[in-house]
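In order, the protein sequence lines correspond to chains B and P. Residue 4 is where the first sequence starts when you use the numbering used here, and the numbers rise one by one after that. Residue 88 is where the second sequence starts when you use the numbering used here, and the numbers rise one by one after that.
Among the clues, some could well be false.
[Stated by the list, open to error] DMTMM-like cross-link-like pairs, simulated, lysine to aspartate or glutamate; straight-line CA separation at most 20 Å:
id	chain 1	residue 1	chain 2	residue 2
1	B	14	P	96
2	B	81	B	66
3	B	47	P	128
4	B	47	P	169
5	P	155	P	128
6	B	74	B	88
7	B	14	B	59
8	B	47	B	17
9	P	144	P	92
Don't read these hints as lab results, they were simulated from the structure.
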Amino acid sequence: EAGVAQSPRYKIIEKRQSVAFWCNPISGHATLYWYQQILGQGPKLLIQFQNNGVVDDSQLPKDRFSAERLKGVDSTLKIQPAKLEDSAVYLCASSFRQTGVNTEAFFGQGTRLTVV
Amino acid sequence: GQNIDQPTEMTATEGAIVQINCTYQTSGFNGLFWYQQHAGEAPTFLSYNVLDGLEEKGRFSSFLSRSKGYSYLLLKELQMKDSASYLCAVGHRGSTLGRLYFGRGTQLTVWP
Chain B
4 EAGVAQSPRY KIIEKRQSVA FWCNPISGHA TLYWYQQILG QGPKLLIQFQ NNGVVDDSQL
64 PKDRFSAERL KGVDSTLKIQ PAKLEDSAVY LCASSFRQTG VNTEAFFGQG TRLTVV
Chain P
88 GQNIDQPTEM TATEGAIVQI NCTYQTSGFN GLFWYQQHAG EAPTFLSYNV LDGLEEKGRF
148 SSFLSRSKGY SYLLLKELQM KDSASYLCAV GHRGSTLGRL YFGRGTQLTV WP
């Protein structure tokens, strides 16, 4: 079974530039998550999709971050404009249904973003 | 809010047993997960507990006490490849169903 695919693996941009990350979840997984993992910390949820609808985006800095999952499969996360504090690994995860009892999330390898 | 606490670092030797503790404070508890994350890699699922007690899976076991807000991950017969960060995560029910709240991770180093 193919895992969660993310691209690019690495990205270096200057502050105030924009950047986009792409995620292809495991086939058949209705729920998709974007997490931000700052060095030395655990992942923090940014946004959760159920099919193509947003379930939870309470921790997404909406003034600069946006995400979409138009056809309920692939998703993109965009940052515009980027700040130095956005330097982190951006992890995409998917699960068959919303994570909970008997349902774990499967993570991609992440995109390591460095803002200089 | 959610508060999840685990040690920052631990070290052990090959063949030994190590226990990584995790304490949490949360409302709407919906299961506790352990993930393993090697440097530069994706977190991979190890175990989950939703009821009190011990769940054993090969060399790894995980324990949960909901009344104490406490879990541990037990790793037996340690191998060099077990050097990684171990993330404790709490699932939440209610309006944030599906969200996992992660601890900072425990960096385990296994020495030969």
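Results for each hint:
no., hint, result
1, B:14 with P:96, "violated (29 Å)"
2, B:81 with B:66, "holds (11 Å)"
3, B:47 with P:128, "holds (16 Å)"
4, B:47 with P:169, "violated (24 Å)"
5, P:155 with P:128, "violated (32 Å)"
6, B:74 with B:88, "violated (31 Å)"
7, B:14 with B:59, "violated (26 Å)"
8, B:47 with B:17, "violated (23 Å)"
9, P:144 with P:92, "violated (24 Å)"
In this structure, the earlier hints numbered 1, 4, 5, 6, 7, 8, 9 are contradicted, and the remaining ones agree with it.
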